[in-house]
Amino acid sequence: MHDLKLVRERPEVLREAMRRRGALEALAPQLDRCETLEKDRRLLQQAVDERKAARNASSQEVARRKKAGEPADDLIAQGRALGEEIARLDRELADAQHELDDILARIPNVTLPDVPEGGEECNVIVRSWGEPRPSDGVRPHWEIAAAQGLFDIERGAKVSGSGFVVYRGRGARLVRALMNLFLDSHAGEHGYEEVWPPAVVNRASMTGTGQLPKMEDDAYRIAEDDLFLIPTAEVPVTNLYRGEEIPAAMLPMGFCAYSPCFRREAGAAGKDTRGILRMHQFDKVELVRYCTPEDSAAQLELLLGHAEAMLRRLGLPYRVKLLAAGDTGFSSAKTYDLEAWAPGVGAWLEVSSCSTFTDFQARRANIKYRPAPREGLRLVHTLNGSGLAFPRVMATLLEHYQQADGSVLVPDALRPYLGTDRLG
RNA sequence: GGACAGGUGGCUGAGUGGUUGAAAGCACCGGUCUCGAAAACCGGCGUACCCGCAAGGGUACCGUGAGUUCGAAUCUCACCCUGUCCGCCA
2 MHDLKLVRER PEVLREAMRR RGALEALAPQ LDRCETLEKD RRLLQQAVDE
52 RKAARNASSQ EVARRKKAGE PADDLIAQGR ALGEEIARLD RELADAQHEL
102 DDILARIPNV TLPDVPEGGE ECNVIVRSWG EPRPSDGVRP HWEIAAAQGL
152 FDIERGAKVS GSGFVVYRGR GARLVRALMN LFLDSHAGEH GYEEVWPPAV
202 VNRASMTGTG QLPKMEDDAY RIAEDDLFLI PTAEVPVTNL YRGEEIPAAM
252 LPMGFCAYSP CFRREAGAAG KDTRGILRMH QFDKVELVRY CTPEDSAAQL
302 ELLLGHAEAM LRRLGLPYRV KLLAAGDTGF SSAKTYDLEA WAPGVGAWLE
352 VSSCSTFTDF QARRANIKYR PAPREGLRLV HTLNGSGLAF PRVMATLLEH
402 YQQADGSVLV PDALRPYLGT DRLG
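Numbering follows our numbering, with no gaps: position 368 of the first sequence is 369.
Accuracy of the hints is not assured; some may be wrong.
Said to hold, decoys possible - Computed list of lysine to any residue pairs in SDA-like fashion (alpha-carbon distance at most 25 Å, straight line):
1) K272 <-> W143
2) K53 <-> L25
3) K272 <-> K369
4) K6 <-> L230
5) K6 <-> K369
6) K215 <-> L230
Keep in mind the hints are simulated off the structure, nothing from the lab.
Starting from the given sequences, assemble the full structure and let the hints guide the process.
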């Protein structure tokens with residue numbers, strides 16, 4: 002959500018930001034409408050406030066007269082008339098406010114100056130690590146998994162539907178191993194508080210982090226209770242402090258959380274249909290950080306480093322991609338994707354997405370802090386990143402470490418968790 | 001799911017429909033005192049929005065949303081949440 006002051010005082014900033022995202026054409030009418038509504042809203046508020054002040058004064062005079070035993074019928078009649086006028090103006094004000102909120106809630110965040118403008122063709126590879134394995138003779142992960150019985154896509158589809166998978170045997174143990182390795186690393190070495198969040202959240206939480214109202218079609222919704230299956234642990238964890246004031250001494254703070262993630266993937270039909278690269282349910286360990294505005298650029302690099310450390314620990318070659326404005330998510334001001342090389346499918350797989358949301362989520366979710374005892378409240382900045390998403394890590398792992406004999410070498414870091422140094 | 005109780009400022013906790021943004025205490029901030037600290041005393045101490053260069057002024061907010069009224073923290077209705085007991089259950 003954007004600050005109304007921005008709409009009013011520097012609308013050109015919003016316009017420029019939407020242009021950089023390549024969304025100006027689509028959003029220009031909404032931006033125009035916002036400016037008009039904001040003007041209307043202000044005039045209406047002034048009119049309402051003025052009449053309410055008059056009504057309050059009149060009511061107090063009624064009280065005084067009644068106490069003094071004087072008649073007040075004229076004032077009561079006057080108050081009734083004022084009340085009707087107030088009701089009418091209040092309704093107009095509420096209408097303007099709601100329309101403004103609705104529009105504003107669908108306008109994406111302003112990206113930071115160091116984010117390249119343009120679409121995904123303008124994404125920038127910032128750095129890479131490790132030596133990508135050539136694809137010659139390397140089998141894709143679904144063939145390896147099928148040979149070893151690591152996951153069962155057919156029965157997942159039978160039990161739940163297409164896009165759901167059952168991990169079995171060593172495959173199931175691998176999921177648990179990744180969860181433990183990642184959580185132990187982030188909670189133990191990177192200083193995050195470990196959190197085990199609910200997998201279901203309410204509408205306010207989904208709106209707070211920006212999934213709603215725009216992306217409601219992508220979420221699984223429990224209509225009966227108006228609850229949503231979480232698309233990422235970001236939602237419950239970032240909303241942990243919704244509507245709260247965080248003591249300044251607690252910042253920055255970080256949380257790591259394992260959770261299943263549920264996505265309807267509306268509009269993604271036909272993409273990544275083989276294997277487990279795009280599922281309706283997958284698992285991931287998520288990192289969430291809260292910090293002061295001054296600190297958020299540095300916190301993003303820190304968070305990114307924590308996610309990268311997991312790929313290094315697993316010995317998986319990867320690259321860091323800075324997303325261009327047009328490829329940056331709705332709530333994000335700057336995003337780095339981590340892509341691991343999967344030689345079997347011959348592609349770089351997005352295994353993490355690390356973003357700073359500046360104050361965009363904090364304003365929606367009303368998360369503030371007081372910089373110093375006598376100073377006013379300010380919005381915090383929120384950040385998050387996957388650390389990491391399991392299915393694509395698993396695919397990368399199987400493909401990268403497969404041996405000529407069909408077995409898969411297990412990287413050192415995972416051996417204690419998996420209880421073996423070789424799969425198959 | 002049923003019954004009962006309750007949701008008021010950072011916390012505790014008052015509040016007869018009419019100077020109640022809201023008593024009091026605690027906490028916090030500034031000051032006096034002190035070599036310093038504690039205690040004591042004095043003063044301050046919510047958020048959002050609007051007008052204003054500012055000083056300052058106005059409006060709203062007592063779980064949420066509707067309603068009654070000239071006027072609602074206070075009355076009515078619905079919903080949400082918390083606690084206790086009962087039922088059910090991993």
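Quick rundown of the hints versus the structure:
Proximity of K272 to W143 is assessed by CA-CA distance (about 16 Å); at most 25 Å being required, the pair is judged to hold. A threshold of 25 Å between alpha carbons decides the hint, and for K53 with L25 the separation of about 40 Å lies outside it, so the pair is violated. Restraint check for K272 and K369: not satisfied, since their Cα atoms lie roughly 40 Å apart, outside the 25 Å limit. Distance restraint check for K6 and L230: the Cα-Cα separation of roughly 34 Å exceeds the 25 Å cut-off, and the hinted pair is therefore not satisfied.
At most 25 Å may separate the alpha-carbon atoms for a hinted pair to count; K6 and K369 meet this at roughly 18 Å. A C-alpha spacing of about 16 Å is found between K215 and L230, which places the hinted pair at or below 25 Å, so the restraint holds.
In summary, the structure is inconsistent with hints 2, 3 and 4 from the numbered list given earlier, while agreeing with the others.
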